Amino acid sequence: MAGIVAFAVTAVLAVASKGIDLFGAVVLGVITATGGGTLRDLVLGVPIFWATDLDYIWVAIAASVVAFVANTLLTRKEIYAALLYLDGAGVALFAIQAAGKAWGLDFGRPLAPVILGIVTAIGGGLLRDLLAGRPNLLMTRELYATPVLLGCTGYVLILQFLPEHQVYGAIGCGLTIFGLRAAAIHWNLSVPDWLATKPKPS
Amino acid sequence: MAGIVAFAVTAVLAVASKGIDLFGAVVLGVITATGGGTLRDLVLGVPIFWATDLDYIWVAIAASVVAFVANTLLTRKEIYAALLYLDGAGVALFAIQAAGKAWGLDFGRPLAPVILGIVTAIGGGLLRDLLAGRPNLLMTRELYATPVLLGCTGYVLILQFLPEHQVYGAIGCGLTIFGLRAAAIHWNLSVPDWLATKPKPS
Amino acid sequence: MAGIVAFAVTAVLAVASKGIDLFGAVVLGVITATGGGTLRDLVLGVPIFWATDLDYIWVAIAASVVAFVANTLLTRKEIYAALLYLDGAGVALFAIQAAGKAWGLDFGRPLAPVILGIVTAIGGGLLRDLLAGRPNLLMTRELYATPVLLGCTGYVLILQFLPEHQVYGAIGCGLTIFGLRAAAIHWNLSVPDWLATKPKPS
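Same order as they appear, the protein sequences are chains A, B and C.
FYI, in my numbering the residues of the first sequence are 3 to 204.
FYI, in my numbering the residues of the second sequence are 3 to 204.
FYI, in my numbering the residues of the third sequence are 3 to 204.
Rather than coming from a laboratory, the hints here were simulated on the basis of the structure.
Being a predicted model, the structure only gives us computed values, none of them experimental.
Some clues are possibly wrong.
Copies of the same chain look alike in the list, so a pair counts if it works inside one copy or between any two.
[Stated by the list, open to error] Straight-line distance between alpha carbons at most 20 Å, and here's what the computed EDC-like set of lysine to aspartate or glutamate pairs gives:
| no. | residue 1 | residue 2 |
| --- | --- | --- |
| 1 | K103 | D55 |
| 2 | K20 | E166 |
| 3 | K79 | D55 |
| 4 | K103 | E166 |
Okay, chain A solo, but in the shape it has when bound:
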């Protein structure tokens, strides 16, 4: 739920400066907040999570409306920073939850749970950036998806080899994702040069 709120709010704030109306803002917030999980459930072939528990949608709508009304307040520097950390926490929760759900369904072990963790964590953000016409996170060198990859891989290894420590593994791997993401935000880290191609001068 915290992840839903964070995703909806950051989506609305990302486009608020472009002159968007309330309805467009809410649709974008809801798509961002629920898009990753919807993709996950479609691929898993299970009922979409928000159809069985409508609270997810209500929360996403409410968060989007609040973000729309308070956008001038929330884009203040210190509050926006707090939201980035909340977004990092949301990413961590979404990723671990998705990997665990796929693992529990015995879906394409061991690789597919990692893939679905990543898809769920970044899928909503990709949809947001596509619809908002912004460059998306795959095209930048921000340290965003790499923590998710590490955390989900670690979690899957624990589920495979130490299934009796599943709960601690989930907590530990979730904290790892959040910690790496928070460090990336705090120190403004990006992917090192040797792991990136050089952009051609254009």
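Following the hints, complete the assembly by docking chains B and C onto the known chain A.
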């Protein structure tokens, strides 16, 4: 069917001025016309509507070809205006039909049928704008999705509290969506200032 | 598998000049290589192909990593040309395989198998271009999708009227797609003027 035709035709016309070939135009027309309903059926977990009744695809293909051939005629001012109204009628039909289908399947009542009505009505247009590289309707202040929200909400309220008037409710709410959309086209209405964020000068 | 490799490699090379990090490159490569088939299986309502055989994902990851590491080598003119032909072969394989799979499931015969052949063959490329922020193939006049249309239509006609020659039909139609595509690459063919709208001077 009228909606399919309207969506396919407006999609082809939207990109005709960019220099597109016949095949690309038909693919774009078919995606726009069937994309919203395909998303709806995927989320509902039911067979895709056009697989069981291929006429939808044939009609979309035929409409796209006609629009491609006649694009210089159809972009004439008075005819294009007529198409906008047809598009509004298509949106109304798609939205009410999707909300009713989701309701009939007892899918996430009462909120999810409204969501699916909106997704079906605007999904095809969002795909079209993404593929055509145009700003999409969420990013503008055109009065497009708000009528759909109002109409679907009204229809769901009728299904909940006055199920014996289901048929009249569908007709009334569909006409409401079309009426609001037609008014928005006729008087060039957009979302009022107090419901929109100010775009920052850039 | 050859198609998976070709799609992943060309996707990574397409964005390498933009300054992308290893992780983003791999995600983009995997999405491009598996996106079309994932869409196909979602629409067909069957389990996603890469969940039952993880080798597809492993191959896509490996090919993306190799393409990332060797991108300065692979963008050399003669090698890139070879990759374009490999991509053409991948398109041909994907299209025929998808059309055959849909036909075998008795899915919306006779039209839907053709549609799914096209969706599978070009879906990955459309996703790649959307995520990479490039103009996509529907918006250009490159002779890309038309060979797919012709080949799939021919294959469906053979499945319908000459089912005893199914294997030869698949090979023949696949070679037709590849041949047309190779000719388009070799002679730099594009869709003739009379099949395209004139772009307006802007």
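Structure-based check of all given hints:
no.: 1; hint: K103 - D55; result: both (16 Å within a copy, 19 Å between copies)
no.: 2; hint: K20 - E166; result: neither (50 Å within a copy, 45 Å between copies)
no.: 3; hint: K79 - D55; result: neither (34 Å within a copy, 47 Å between copies)
no.: 4; hint: K103 - E166; result: within (17 Å within a copy, 41 Å between copies)
Going through the hint list in order, the structure does not satisfy hints 2, 3.
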